[in-house]
Structures are given as structure tokens and as C-alpha cells.
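A.B. asks: Here is how the chains run, residue by residue.
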Amino acid sequence: MVRGYAGKFLEVDLSSGGIKDVTFSDDILRNFVGGRGLATKILWDRLGSRWEEIDPLGPENIFLVLTGPLTGIYPGSRVCVSGKSPQSNGIIGSTLSGEFGNELKCAGYDGIIATGKAEKPVYLFITDDNAEIRSAEHVWGKEAPETIRTLTKEGLELLKRAGRGAEKIKEPAMIYCGPAGESRVRTAAVMQKISHAAGYGGYGAVMGSKNLKAIVVKGRKPLPSVTSPETVKILLREVERQLLERDRLRRWGTGYGGYEVGARQSSEPVRNWQEEWHDEKRFGGPKFDFRYWVKRYWSDFNCPVACMKVAVVKTGPYKGAITDDPDYEMQAYLGPNLGIFDPDKCIYLSALIDYLGFSGINGGNTLAFAAELYQRGILTKEDLGFELNWGDVEAFERLARMIVKREGIGDILAEGTYRAALKISEMKGVDVTKYAVHVKGVEVGAHGTRSGLDFNPIAYACSPQCGDHTSGVYDAYNDARIVFFDSAVVCSMCGSPLIWDFYKAVTGWDLTDADWCRVLGRRIMHIQRAVLLLGGPDIFWRPEIHDDNPPRFYEPLPSGPYKGKTTDRKTFEDMRKQYYEAIGWDERGIPKSSVLRELGLEDVDKALDKVRKQ
Amino acid sequence: MSGRRETILWIARDYLKCTGCRRCEIACSLFHEGWIWPEASRIRVFMLVPGIEIPHFCSQCHDYPCVSACPVKALSVDERTGAVIVDREKCTGCGVCIRECPGNIPFFHPGDGKAVICDLCGGDPQCVKVCQEAKFNALWAVREDKTGWGSYNRKLFAQPPEEITKDVAMNLYGEKGEEWI
Numbered sequence: 026m027v028r029g030y031a032g033k034f035l036e037v038d039l040s041s042g043g044i045k046d047v048t049f050s051d052d053i054l055r056n057f058v059g060g061r062g063l064a065t066k067i068l069w070d071r072l073g074s075r076w077e078e079i080d081p082l083g084p085e086n087i088f089l090v091l092t093g094p095l096t097g098i099y100p101g102s103r104v105c106v107s108g109k110s111p112q113s114n115g116i117i118g119s120t121l122s123g124e125f126g127n128e129l130k131c132a133g134y135d136g137i138i139a140t141g142k143a144e145k146p147v148y149l150f151i152t153d154d155n156a157e158i159r160s161a162e163h164v165w166g167k168e169a170p171e172t173i174r175t176l177t178k179e180g181l182e183l184l185k186r187a188g189r190g191a192e193k194i195k196e197p198a199m200i201y202c203g204p205a206g207e208s209r210v211r212t213a214a215v216m217q218k219i220s221h222a223a224g225y226g227g228y229g230a231v232m233g234s235k236n237l238k239a240i241v242v243k244g245r246k247p248l249p250s251v252t253s254p255e256t257v258k259i260l261l262r263e264v265e266r267q268l269l270e271r272d273r274l275r276r277w278g279t280g281y282g283g284y285e286v287g288a289r290q291s292s293e294p295v296r297n298w299q300e301e302w303h304d305e306k307r308f309g310g311p312k313f314d315f316r317y318w319v320k321r322y323w324s325d326f327n328c329p330v331a332c333m334k335v336a337v338v339k340t341g342p343y344k345g346a347i348t349d350d351p352d353y354e355m356q357a358y359l360g361p362n363l364g365i366f367d368p369d370k371c372i373y374l375s376a377l378i379d380y381l382g383f384s385g386i387n388g389g390n391t392l393a394f395a396a397e398l399y400q401r402g403i404l405t406k407e408d409l410g411f412e413l414n415w416g417d418v419e420a421f422e423r424l425a426r427m428i429v430k431r432e433g434i435g436d437i438l439a440e441g442t443y444r445a446a447l448k449i450s451e452m453k454g455v456d457v458t459k460y461a462v463h464v465k466g467v468e469v470g471a472h473g474t475r476s477g478l479d480f481n482p483i484a485y486a487c488s489p490q491c492g493d494h495t496s497g498v499y500d501a502y503n504d505a506r507i508v509f510f511d512s513a514v515v516c517s518m519c520g521s522p523l524i525w526d527f528y529k530a531v532t533g534w535d536l537t538d539a540d541w542c543r544v545l546g547r548r549i550m551h552i553q554r555a556v557l558l559l560g561g562p563d564i565f566w567r568p569e570i571h572d573d574n575p576p577r578f579y580e581p582l583p584s585g586p587y588k589g590k591t592t593d594r595k596t597f598e599d600m601r602k603q604y605y606e607a608i609g610w611d612e613r614g615i616p617k618s619s620v621l622r623e624l625g626l627e628d629v630d631k632a633l634d635k636v637r638k639q
Numbered sequence: 003m004s005g006r007r008e009t010i011l012w013i014a015r016d017y018l019k020c021t022g023c024r025r026c027e028i029a030c031s032l033f034h035e036g037w038i039w040p041e042a043s044r045i046r047v048f049m050l051v052p053g054i055e056i057p058h059f060c061s062q063c064h065d066y067p068c069v070s071a072c073p074v075k076a077l078s079v080d081e082r083t084g085a086v087i088v089d090r091e092k093c094t095g096c097g098v099c100i101r102e103c104p105g106n107i108p109f110f111h112p113g114d115g116k117a118v119i120c121d122l123c124g125g126d127p128q129c130v131k132v133c134q135e136a137k138f139n140a141l142w143a144v145r146e147d148k149t150g151w152g153s154y155n156r157k158l159f160a161q162p163p164e165e166i167t168k169d170v171a172m173n174l175y176g177e178k179g180e181e182w183i
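Protein chains in written order, with our numbering: chain A, 26 to 639; chain B, 3 to 183.
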């Protein structure tokens, strides 16, 4: 019996209603660990042979919810969702925090594999070693608060019936998709609590396409046993001690960045990245803190850092908006990026986006893209039905709701920035892809490359997670480390060099940093890379064209202390070439046969032959 | 008058400051069960409304209704700390203590089905330690005069989690808090 794992996975065929337990051999768990790693293995084994034909929003796609051996034990409990991504057509390991991961493990499962498509809206209810499919018709179309309220109540009722009645049972944890996921908006997030989102990859849309509204879970067992409990206890204390020293992150979360990143580093999106600098002090951290934060420390299971903060708008027209922080990415994408420099409005939009189950980063990017097209006169009032000026929060709310309902122009924008850009270019006869700020279909995080002070030029362009700001690449060796956090499924903000010792104390397996970075992590990244190149069915990526920054990143910065600076194409190309070489890809960016064979990925190598011939 | 004041231990709580990190649950179960077992923790953090976390555990009422109601005399009060001690040999898991508790605080152990009540870790509560260490200050230890006025205050805290949640939600979220409940 492998330690650190609950020992089995739940496989649900939503088409037939069949539920069964599946297990993976120790070898697979050892090589792929869990989360993002195991997701690549499962998806490759099951869909790899016909990857190009699989429609991410069709019933043949697989929706994965996976934990890892360290989930719940190492500080920062998270859960990883994956599948064939409706955004990039590759695999993205998208993680979100909350209590779902540890509850699932306490219920005796390491993960959920959902296949097929339910006829009518359903949700999964999981208790100790047990799962059932239940009707979700009463919460279909409902926004976050009502979904959470209804399903929590229902879950407690079911648990009470199973128990002895007298005692209070703690509420179950759940992940769910909002109305955005239900209408298969390609940028829909998988949500937990009110504001915890797995935004990258568009897996909310995958849930929606399967008619799967939510997964509710309550586990009453202890977390899985580990190899050396005493060592784990000592390591836990030590890691917590280290984390408790991270004062800035603890005090401000990432919310200190809203002003700092823009003003000092000139790398914050402003009006769809037309600028990356702003000097609006009213958008600084303290403005959020003293005015809106009703809870200065908010955290999830086993987290001493508490980088979240509960923000509530208490007065004014946006009264009643509740969200966390907003963290830096939300501040940037639903603030300056839309021309909004008012914390009230930013919190209001963040809360709205969360309630709709729309991704703040990806959706915020699409909203700004539409606004830029309006600014340039490409989209008109007739196209939209209203004016879409920078800073007009009501207009952005209207557009967000149109996207979620797929009404009018919203139907096109629901396809995500890149696909919408292709369609609008065709519709209007002008090339608008140059205004689309994305990498391989995934809208980039709120960190620019032009000033040279924040992300490096190849961070997004070469990443197997595309525009994901949490997995940007820097050098071929160290990038793999973040893959470990996504695979052991713990919060990467809780990183510590002790994680390898932790891993050994939990699983009993020796894993060195070098082994992970040279072999195991690299293997996972190579599978991700390969399926990204296989792509399909609607969009394919060619490395020589698409391993690149969005065109906007090559325009000179128009304002601020770094005015005139831009991403240097020559530097970019040199770095890309070096990166290809270091990670084992040929000059065209396709993984080399020899490297794939070394990593034991012969079948992946064979599948890539057709890409090599193109 | 004797020079020595007799005091008992009590854990004060500030719901507004609870972050929901559940490290108290982890510390409690590590101490009592030897491994991380949130459902067997004597302190349980309820989150009926997201963002409103309620650490829920024995508040040692001055009249101990659970102790007097126990039909098999499995419950007793620790004289030194004031904690309720469950004799696991005697407990039959009938649930009378749960029903008698004004806050519905005791619960059945998910392992053996017997009543579980906070025992203050014998006078050195682990939950308080981790909460203080993280500087959240949602929990702190109070030494109270055994017979003084202070002890009456405690009973106010034995409330079901739903009721506390309502009040805290109103405090933090205002009118919106009402909608959530």
C-alpha cells in the first residue's frame, strides 16, 4: 500500500451513470505523483491516440479532479483540475485552493475521473468510500451564492440522515461551475467557496459540457497514513515556521501589487495592455485594506500564510459585493486593464465574475479586448447594443452577462480572446488578432515583459501551460519544480526546499531535486508539450509561429518611466533557441526523438511524427 | 483567606479573527489521535457561509448540562482545568449530552462512535498554541477564578454554529450577510 495516497480513484461515467473505483500502479504514482503529472498520464493513455479529433467540449473529453500525496499534509491544501483544455487544446493543470482536496482524501479517494455526458444536470455527492449522482436541475443556471447555499444545505441534510441525527455535522466541501461553465464559455472557471477559481484552461466549460454542475464531498476518515509520521510532524512545524516569516505575503497577500507592479515595474495591463504603467495611488494596497478588508487574514486548510483577505463593499452603489482581496491578478485585470482605477468597482466586478464562474484573468482579458475594438471603432454600438468605454463598470457588467448567456456579440466573445479575434477579423474584414493578448489561446497573466523588470520574454511563449502566469518558464531545469507543486498538489506560494524531505517522509520514496527536474518533471512537461502540438480539432499550434509573445508585447511602452522600452525580438529569439536546446526540443520546437525515448515516451514520439512532417 | 486563587482554564475565541486555516483542527487531532483527522478534532471549524469561519468547541458552561444529563455517568469535570472529561469505557454513544448542550457541541467520534468533547489537552491546549503562533489571535487561553463572576460569562458562548454564523455574517457582510443565510 502506497503511503500518502488514499489508494483509489473514483471513475464516473456520466453517460451511463456507472460508478467504479480505479487504482493506478505504484509505478505510475511514483513517476507521475498526482495532480498535473497524473493528469497528463491519464489523458495521454486514454485520449492520446486520437488527440486531434477530441472536442474538449464533447462527451469524449475527460474531466479530472486530482489530489496529490502531499495534499492536506503539506501546508496549503489544493486540488488540481484538468482534461483536454477548451482554450489551448492541450493539457493544463489548473489548481485551486480550499478544503475540497483534503475532504476528498478523507473520503478515501485520491481523485475523480469523470467521463461522458449526463443527460440532465447532475452533481456528484461523495461520502466515505461512496458516491452517488444526484439531480442538479434546481441549481442549474444559478450563480455562486445560491449554488453554494442550496448544495451545502442539501449535503448536510443527506449527511444527517446517514448519521444519528443529534450531532452537528460540518459542511461538505464542493467545487462547482457557474452559469459561465454551463454555457460552455471557454474561459469559464472551476470554482470553490466564493472566490476560489481554477481559471486557466477553461475547465468550468468542461464541467458544463458534461452537465456536471458540482461535486460535493465530505470525508470522515483521517488523512491517509504516511511512512514516517514523526518526521512529517517535525517537517510540518519547520515549514510552518518558515512560512510564518513571510510577512509581506501574510500581511498584504498579493494585493500589494495592484499599485506596485504598475507604478514601479511597468508591467501591469492598462487598457488591454496598450500601456503597462499607471501612477494611481488610490489603487494601492492600503486603499483596499483600510476601506474594504473585513478579514485581514483568510486561509484554506492547513495554511499559515493566509494571503487571502475578505473584501466587502459596505456603502455606495456597489454595496454588497464580497470577494477575496482582490488578489493582484484580479486587481489588474478587472481594474486598470478595463480603465478602472476605483477599488469599489474593481471589487464589484471581481465578485460578479466569481458569481458567474467566469475566469477573472481570462475573462478580464476578453472584456478589455472587446473594449479596445470599440475604442478603435471596429466594434460599434450597433454590434454591442451599448457603448463600451474604458472605466465604465456598468457596460463591462453588461458585456460579461452577455458573454455568460452567449447573447449577441457575447456568443463570439465566449469563445475566448483568440478565437473571438479570429471570428471578428473574418466578420469585419480587418485583422484584430494583433490586439488579442494571449499565448496559444490562453490569455496571459497580468505580468508584462516589455519593461524587462517582471517576466522574461519567453516566460509565456515556451510554457506548456501557455499564458499561465504561475508556470512561466525561465530555464529548462528549474521550471520543472513548479510542476511538482501542481503534482503533489500543494500551494506553490507555500514553497520550501524541505518539500523533497516531506515527500520522502510521506511516501517513503526518495526523490531528489535533480531527479525531478531532469527526468520526472521534464517527462510531464514533454507530454504537455506534445499534446499542445497535436492540438485540434478547431485550432492547431505551430511552434515557429505560436511560440511567441502576443504582438502587443513588441510595441514600445507609450508611457511611464520605461517609455519606449519593449521586448527585444532578437533577445527573445536567442532565449527561445537556448531554451529549446536545453529542454530537448529541435530547432523547430518539437521534442526530439532521442529525448522522448530517454524519458520513456516512445508512443509520444511516434505520435509527434506527423507534426514533424508538416 | 487563602493566598492561592483557584483558577480554571478556558479558551476565549474571536470569530471575526478566525482565518479558517484549520491548523487548530490539525493540532488537536495530532495530539489526540496521533494523525491529521479533521473530523475527529475536538475543535471543529464550521464554514456555513464562505468567509465566515466558526471555531466550535466546548465552552464549559458553569452548570455543565451535559455532565448532569449523562445517563451512564461517563462525563465528569476535571477539577484542575474545568474541562469535561469523557470516560470512553463508560460512554455508550447515546447522544444525550449532544442534545442537552445549548450549542450542540459534542459529537460522535467518527472512529468509535463515542462522544467527543474538548478536554483542554490536560491544561495545555494545542489549538491555542498554533493560533497564537500564527498571530491570528482567534483563540487564546484565559485563567478564570473558579467561583468568580467570570465563569457565568462563558455560557453565552455555547451556541449552535448556525446562530453564531448569522451574527458574524451580519457583522462582516452587513445586509448581504442576511441573504447568505
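For the record, the hints were derived by calculation from the structure and aren't laboratory data. A portion of the hints provided could be inaccurate.
Stated by the list, open to error - Label pairs and their calculated CB-CB ranges:
| # | chain 1 | residue 1 | chain 2 | residue 2 | range |
| --- | --- | --- | --- | --- | --- |
| 1 | A | 271 | B | 104 | 16 to 26 Å |
| 2 | B | 164 | A | 50 | 38 to 48 Å |
| 3 | B | 73 | A | 253 | 39 to 49 Å |
| 4 | A | 339 | B | 104 | 46 to 56 Å |
| 5 | B | 18 | A | 344 | 14 to 24 Å |
| 6 | B | 164 | A | 345 | 20 to 30 Å |
Owing to the predicted nature of the structure, the values given are computational and were not obtained by experimental measurement. Think of the CB as a built atom: it goes at the ideal place given N, C-alpha and C, for glycine as much as any other residue.
A.B. asks: Hint by hint, note whether the structure agrees.
C.D. replies: Here is how each hint holds up against the structure:
Checked against the hint of 16 to 26 Å, the pair residue 271 of chain A and residue 104 of chain B fails, with Cβ atoms roughly 40 Å apart. Checked against the hint of 38 to 48 Å, the pair residue 164 of chain B and residue 50 of chain A passes, with Cβ atoms roughly 46 Å apart. Range check, residue 73 of chain B to residue 253 of chain A: Cβ separation about 43 Å, and the 39 to 49 Å hint holds. For the pair residue 339 of chain A and residue 104 of chain B, the supplied restraint of 46 to 56 Å is violated, since their beta-carbon distance comes to about 32 Å.
Hint check: residue 18 of chain B to residue 344 of chain A, Cβ distance near 20 Å, so the stated range 14 to 24 Å holds. Range check, residue 164 of chain B to residue 345 of chain A: Cβ separation about 22 Å, and the 20 to 30 Å hint holds.
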